[in-house]
Amino acid sequence: MLKELDPILHSQLRLAVVSILVGVKQAEFSYLKEKTNSTAGNISVQLQKLKEANYIEIEKSFKDNYPQTVCKITKTGVKAFEAYVEAIQNYLKPKKK
Amino acid sequence: MKTTLQSELSENLSAEKSFETINAMISIAKNKLADDGFLFIFWGWLVCFSSLFHYVFIKLNFKGGEYVWALMPLGGIFSMVYAIKQNKKDTVKTYVDDYLKYLWIAFGISLIIVLISMSENGIKNTYFFLMVLYGFATMVSGGILNFRPLIIGSILAFACALASNYFGTSEQLLWISLSLICSYIIPGHMLRNQHKSEINA
Chain A
0 MLKELDPILH SQLRLAVVSI LVGVKQAEFS YLKEKTNSTA GNISVQLQKL
50 KEANYIEIEK SFKDNYPQTV CKITKTGVKA FEAYVEAIQN YLKPKKK
Chain B
0 MKTTLQSELS ENLSAEKSFE TINAMISIAK NKLADDGFLF IFWGWLVCFS
50 SLFHYVFIKL NFKGGEYVWA LMPLGGIFSM VYAIKQNKKD TVKTYVDDYL
100 KYLWIAFGIS LIIVLISMSE NGIKNTYFFL MVLYGFATMV SGGILNFRPL
150 IIGSILAFAC ALASNYFGTS EQLLWISLSL ICSYIIPGHM LRNQHKSEIN
200 A
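Those protein sequences? They're chains A and B, same order as listed. Start counting the first sequence at 0; every next residue gets the next number (numbering that gives the first Met the number 0). Start counting the second sequence at 0; every next residue gets the next number (numbering that gives the first Met the number 0).
Simulated from the structure, these hints should not be mistaken for lab results. Among the hints, erroneous ones may be present.
Partial list, derived from the structure: chain B residues whose beta carbon lies under 10 Å from chain A [to be verified]:
#  : residue
1  : 17
2  : 25
3  : 35
4  : 57
5  : 58
6  : 92
7  : 97
8  : 99
9  : 142
10 : 143
11 : 170
12 : 184
13 : 188
14 : 197
We put the CB at the ideal spot given by N, CA and C, even for glycine.
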């Protein structure tokens, strides 16, 4: 039987953001935007959705008089990501006849 | 609301595409070489030069060769400013950055303790401990960065420390220079080259 899939993570941009954040301590908005090759507007919306799901934390501050947004993955986010990877792995496993 | 995998996968994002995305994004941060090698090169040359300068002064019976070590606190201030600037520039912080930060803070504190205890332990022991510390910090950073030249360099620094026990204090200065060439200067340049090539890739 196939496991249920988390709709928050099953979106390419949100999945890309979480995949980056799971391997680092924290990343700035500009870094995520550059690495995911997305627009500022699109990534802002997706980050907000991840934040609402409590998958990431967003800290806003100032760096050299410019606004700075830093994102970190939460424990809930890590667990959700692991569950998502497991579900995908199961799907990709060759089916036994 | 959760949907079944099958129905979701039949839409815009396939399982293969999901996996591809995860792999691609994870490798972005994994491949980032956390150290640009600059401080290895800077300290390598600074201490190597100072040791040789001091050694030449001793051999030529000139006085005041030890004053060259006054450059070290200046180097320390410069390194701190450089590290803070680099830290500000970085838009991503990895756990490797954190491990390295604490390693070098611990190394710096150990170094200061060894140096301020010089009058108690004597010059010979102090020089020996310095080389052991170079080897220790280089080996750990080589392991964290998974950079073999640093690990090889650290083993050579340990060998220099051991070998220096059989020489006088002035010759130990030459062993310090050699240990730095092996553990800081050569691996530092290699690290810098690799870092540059990764940035340009």
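So, going through the hints one by one against the coordinates:
1. Below 10 Å, beta-carbon pairs count as interface contacts, and residue 17/B has one with chain A at about 5 Å; its hint therefore holds.
2. The interface hint given for residue 25/B holds, since its Cβ lies 5 Å from the closest Cβ of chain A, which is under the 10 Å cut-off.
3. For residue 35/B, the shortest C-beta to C-beta distance to chain A is roughly 17 Å, which exceeds 10 Å, and the interface hint is violated.
4. With a cut of 10 Å, the hint placing residue 57/B at the interface with chain A is violated, because the nearest CB-to-CB distance is about 47 Å.
5. For the restraint placing residue 58/B at the interface with chain A, the shortest Cβ-Cβ distance is roughly 49 Å, beyond the 10 Å limit, so the hint is violated.
6. With a least beta-carbon distance of about 5 Å to chain A, the hint placing residue 92/B at the interface is held under the 10 Å criterion.
7. Because the smallest distance between the Cβ of residue 97/B and any Cβ of chain A comes to about 6 Å, under 10 Å, the interface hint for this residue holds.
8. At a threshold of 10 Å, the smallest CB-CB gap from residue 99/B to chain A is about 12 Å, leaving the interface hint violated.
9. A least Cβ separation of about 19 Å between residue 142/B and chain A goes past the 10 Å threshold, and the interface hint is therefore violated.
10. A distance limit of 10 Å between C-beta atoms decides the matter here; for residue 143/B the minimum to chain A is near 14 Å, and the interface restraint is violated.
11. Annotation: residue 170/B was flagged as interfacial toward chain A, and the flag is violated, the nearest CB pair being 45 Å apart, outside 10 Å.
12. Hint status for residue 184/B relative to chain A: violated, with the closest Cβ pair at about 30 Å, above 10 Å.
13. The interface hint given for residue 188/B is broken, as the beta carbon of that residue sits about 27 Å from the closest beta carbon of chain A, more than 10 Å.
14. Hint status for residue 197/B: violated, given a least beta-carbon distance of 14 Å to chain A, over 10 Å.
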